[in-house]
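Undergrad: Sequence:
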Amino acid sequence: MVRVLRREPLSTEEYLALDDHDVMFHIKWWTKAPDPILRDLASGFLHRRLFKAVDLQVNAEGRRQLIERARRIVEAAGFDPRYYLIEDRASDIPYLGPYSPETSGPESRIYVEGDGGSRALREITEVSPAIRRLRRFHIDRLCFPEAVHDAIRALVAEREQSV
Numbered sequence: 000m001v002r003v004l005r006r007e008p009l010s011t012e013e014y015l016a017l018d019d020h021d022v023m024f025h026i027k028w029w030t031k032a033p034d035p036i037l038r039d040l041a042s043g044f045l046h047r048r049l050f051k052a053v054d055l056q057v058n059a060e061g062r063r064q065l066i067e068r069a070r071r072i073v074e075a076a077g078f079d080p081r082y083y084l085i086e087d088r089a090s091d092i093p094y095l096g097p098y099s100p101e102t103s104g105p106e107s108r109i110y111v112e113g114d115g116g117s118r119a120l121r122e123i124t125e126v127s128p129a130i131r132r133l134r135r136f137h138i139d140r141l142c143f144p145e146a147v148h149d150a151i152r153a154l155v156a157e158r159e160q161s162v
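Numbering (numbering that gives the first Met the number 0), first residue to last: 0 to 162.
Since the hints were made in silico from the structure, they are not lab data. Don't take each hint at face value.
Simulated restraints, written as ranges between beta carbons of each label pair [said to hold, decoys possible]:
1. Lys-31 with Cys-142: 21 to 27 angstroms
2. Leu-120 with Phe-24: 57 to 63 angstroms
3. Tyr-14 with Glu-112: 47 to 53 angstroms
4. Arg-48 with Ala-119: 56 to 62 angstroms
5. Gly-61 with Ile-123: 15 to 21 angstroms
6. Ile-138 with Ser-161: 48 to 54 angstroms
We put the beta carbon where it would ideally sit given N, CA and C, even for glycine.
Please take these sequences and the hints and turn them into a complete structure.
TA: Encoded structure:
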């Protein structure tokens, strides 16, 4: 486990030997660590005091401002924002697998004939809203302790109303 935490390469055999018991052993051990942040985070995980999350639906500038204000909220509550405020981006390519008109060559793109009088070929995401929705998407989130949940949720709601 030490090598994993140091981000050192593992052999396939070493990697496959790791399991949830190894991870839980260390998390339990860290609840007694001298470092108060490590001790608190490990204890929170072990006792299911998990971080809460809110989705962010703001542009880059709005996001930067929102995160800065969230940092101040977290810090005012007595938490170190370097460890207690996490920006997360979840992304997926559901259903279509590797198909993406932006990254595929012309030979692997899907084309359909235009409807109506036009017989011109068009890439399928141009004519099908359903297929267009299946393209890559991402969700930006902010994760933080439950103690600041209401304040950060209010901050996000305020920001979304002003956009």
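Undergrad: What are the numbers of the hints the structure violates, in ascending order?
TA: 5, 6
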